[in-house]
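What follows is the residue order along each chain.
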Amino acid sequence: MDLKEKLVSSFLAFENGVDVDHPVHDIRSEAIKNFETKGFPTKKEEAWKYTSLNTLQKIDFSIFPKKESMLEYRDVKKYFLHEIDTFKIVFVDGVYSSFLSETTHDGVDVCLMSSALNKPMYQQIIDVYFNKIASKDDSLTTLNTAFSREGAYIYIPKNKIPKKPIEIVHFSTGNEAALLLQPRNLIIAEENAEMQIIERHQSLTANEVFTNSVTEIFAAKNAHVDYYKVQNDLTTASLIDNTYIDQKDGSVVNVHTFSFGGKLTRNNLNFYQNGERIDSTMKGVTIIEEKQHVDHHTLVHHIQPNCESHQDYKGIYGENATGVFNGKIIVDKIAQKTNAFQQNNNILVSDKATINTKPQLEIFADDVKCSHGCTIGQLDEEALFYLQSRGIPKKEARALLMYAFANNVLESVRIPELKVRINKLIANKLGVRLGFDL
Amino acid sequence: MLKINNLHARVEDKEILKGINLTVNAGEVHAIMGPNGSGKSTLAAVIAGKEEFEITKGEVFLEGENLEDTSPEDRAHKGIFLSFQYPVEIPGVSVTNFMKTAINESRKAKGLEDMPAKDMLKLIREKSELLEIDRKFLSRSLNEGFSGGEKKRNEIFQMAMLEPKLAILDETDSGLDIDALRIVANGVNKLKSKDNAVIVITHYQRLLEYIVPDFVHVLHNGKIVKSGTKDLALELEEKGYDWLKQETVI
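Residue numbers (my numbering), protein chains in the order written: chain A, 4 to 441; chain B, 129 to 378.
Hints are supplied without guarantee of correctness; some may be wrong.
Claimed, not checked - With a Cα cut of at most 20 angstroms, we get these calculated PhoX-like pairs of lysine-lysine: (1) A:K36 <-> A:K139; (2) A:K397 <-> B:K206; (3) B:K236 <-> A:K398.
To be verified - Residues from chain A that face chain B, not an exhaustive set, calculated with beta carbons under 10 angstroms: (4) G42; (5) P44; (6) D78; (7) P123; (8) A386; (9) Y389; (10) L390; (11) E399; (12) L404; (13) N411; (14) L413.
As the list claims (entries may be wrong) - Across the chosen pairs, the derived CB separations fall in these ranges: (15) B:K238 <-> A:G380: 31 to 39 angstroms; (16) A:A181 <-> B:R268: 44 to 52 angstroms; (17) B:L362 <-> A:K422: 49 to 57 angstroms; (18) B:S267 <-> A:K41: 23 to 31 angstroms; (19) B:F189 <-> A:E384: 21 to 29 angstroms.
Since the hints were derived computationally from the structure, they do not count as laboratory data.
Ideal Cβ placement from N, Cα and C applies to all residues, glycine included.
The shape of chain A in the complex, shown without the other chains (with noise of 0.2 angstroms):
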């Protein structure tokens, strides 16, 4: 049996673990149908050409953890960005972990989908909020959407701000020989109110996890929100992230996205702005070497005038590894006066690397500025040498120069000890100690 016949197949079973009478459920009826339609995407489909799924689907994955692993906090304490200065949200196999878990309902809800679903009290949040902005088109959006039942939820009201960063941290324990995980998170944002968020998924031992993800985000009116997704996971883990971002009237959202390793890791990051002067900022650096794949599809759609949107990602591609960057923009005839900027750089350490790199520009207004720039190279020499006349070896040299290439994408993380793993992060991976902390 097939992965695609597995799923549809497991749905029932996974029915007669929820309420079916819940008003979702009708969205998950209608969703596991469109999989069902549609099938996993292959490499035919435009947008999948450079990816492909073939492999992950011959592996027999485990769709429902059998009981929760326990883990001690001292064991997976470095993959936390702080012990106490953060909200956490964990969830060990796919399954909530109250001992590891920090949630909060004091004037703002950091807590769980599963919650959020179940509990009337949410129940008008989720009639207003939940599939709203996820594609009912997108295989894998509707695959997750089918099985959702569990993963984060934060509801911040208006002029409100946690009083700490939000981590959302997915571990996964080996204890099935693989396991497919489809987390759901539902981000609210009202009017003024801010937040920063810190996303991770995590395994820890060789036995192969597919996470296939859906997040949503609300930004209201002048909302703030900060994404972070730290993606350093190992080469038998592979991450599908889907993310949709909705944005009102003045909002500024900015995602974040850091890839230093994993197996195959596709990001669909999706802006909607639906309202004026929004900002929305996608940055992303990518690290990886091996035979380690990472996919930027982004897309931003600007539907009103007066808003803006920046994309910077740097691309660092070392031994076999492939990496892909495509960045669809879209400017509806109305939105008129919209700045919409977009770089993807990129620096192949090695001859048998590769980067495929597509801007997508759809621009139907006539007052706009849009630009699009994309460069693939490989580190100059003469910096190269700049920096060996100084008595700094080649492979110190080289790091700092692949350093200084990544750093503009770092300057705008807002959370300092972030900042500081992030370096730390590119130091390990770029194997040098160089004698300062960056």
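Got chain A; can you put chain B on it based on the hints?
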């Protein structure tokens, strides 16, 4: 200190150095002058070990040691310093952190521990005062957004920090106004001692009014065509390079 024998070097198929002979002793200042394209910067880069250039004949010795197959970083550890005509910008790495890395890598190569932070700060303070460098400047990203003058002053600051045996200043005067030129030259003069040597590569005589050379060499078409004392530089300033080119032809 430095001995160059019949040095030939090329890049791809183009021969640039065609038999250079040069001896520089400790305590000396040598100026290398010559028209554009004569091979001055190539000579500097070859001494510093730039791999792009292929040595086809001849040798370079530093303190009696043949530098063949010695990497640029090892040459730096042995005491060669090249001040670049066009210093490279390194965003995100401050001048201070860059110097810490350079100094500690050099120490590591010599089997020494990292320099204690206190000593490093003291050294940085001392040397930045010598070059009249503002403290704020040291926390800026290396060469990023620096003016031409700031870049050159920063090069000499690095030289001061690394205390090389042989410093090669490649067109350090280009892009400098008169005040910056004076500060840079003053820095070089203070660093000069009987134990180190300086090679000044320049197109114009101007810098040599401040850094007075013991010897002046004229490079033309990949060869040293004339050597003399500092008076030769004055003569060149007056007559240009054409008379030398003609002399060579004859």
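Going through the hints against the structure:
1. Using a Cα cut-off of 20 angstroms, the hinted pair K36 of chain A and K139 of chain A holds, with the two alpha carbons roughly 11 angstroms apart.
2. Restraint check for K397 of chain A and K206 of chain B: satisfied, since their Cα atoms lie roughly 16 angstroms apart, inside the 20 angstroms limit.
3. Restraint check: the Cα-Cα separation between K236 of chain B and K398 of chain A comes to about 14 angstroms, which is no more than 20 angstroms; the hinted pair holds.
4. Because the smallest distance between the Cβ of G42 of chain A and any Cβ of chain B comes to about 45 angstroms, over 10 angstroms, the interface hint for this residue is violated.
5. The interface hint given for P44 of chain A is broken, as the beta carbon of that residue sits about 37 angstroms from the closest beta carbon of chain B, more than 10 angstroms.
6. Proximity of D78 of chain A to chain B is violated relative to the hint, the smallest CB-CB distance being about 32 angstroms (cut-off 10 angstroms).
7. A distance limit of 10 angstroms between C-beta atoms decides the matter here; for P123 of chain A the minimum to chain B is near 51 angstroms, and the interface restraint is violated.
8. Because the closest C-beta pair between A386 of chain A and chain B is about 4 angstroms apart, less than 10 angstroms, the hint holds.
9. Given hint, Y389 of chain A at the interface with chain B, holds; its Cβ is 4 angstroms from that chain's nearest Cβ, closer than 10 angstroms.
10. Because the smallest distance between the Cβ of L390 of chain A and any Cβ of chain B comes to about 8 angstroms, under 10 angstroms, the interface hint for this residue holds.
11. Here the hint on E399 of chain A is kept, as its CB sits about 7 angstroms from the closest CB of chain B, short of 10 angstroms.
12. A distance limit of 10 angstroms between C-beta atoms decides the matter here; for L404 of chain A the minimum to chain B is near 7 angstroms, and the interface restraint holds.
13. Here the hint on N411 of chain A is kept, as its CB sits about 6 angstroms from the closest CB of chain B, short of 10 angstroms.
14. Checking L413 of chain A against chain B: minimum C-beta separation of about 7 angstroms stays under 10 angstroms; hint holds.
15. Between K238 of chain B and G380 of chain A, the C-beta spacing of about 35 angstroms keeps the proposed range 31 to 39 angstroms intact.
16. Take A181 of chain A and R268 of chain B: their Cβ atoms lie about 51 angstroms apart, and the range 44 to 52 angstroms holds.
17. The beta-carbon spacing between L362 of chain B and K422 of chain A, approximately 56 angstroms, falls within the hinted interval of 49 to 57 angstroms.
18. Between S267 of chain B and K41 of chain A, the C-beta spacing of about 54 angstroms breaks the proposed range 23 to 31 angstroms.
19. As the Cβ distance of F189 of chain B to E384 of chain A is approximately 26 angstroms, the hint placing it in 21 to 29 angstroms holds.
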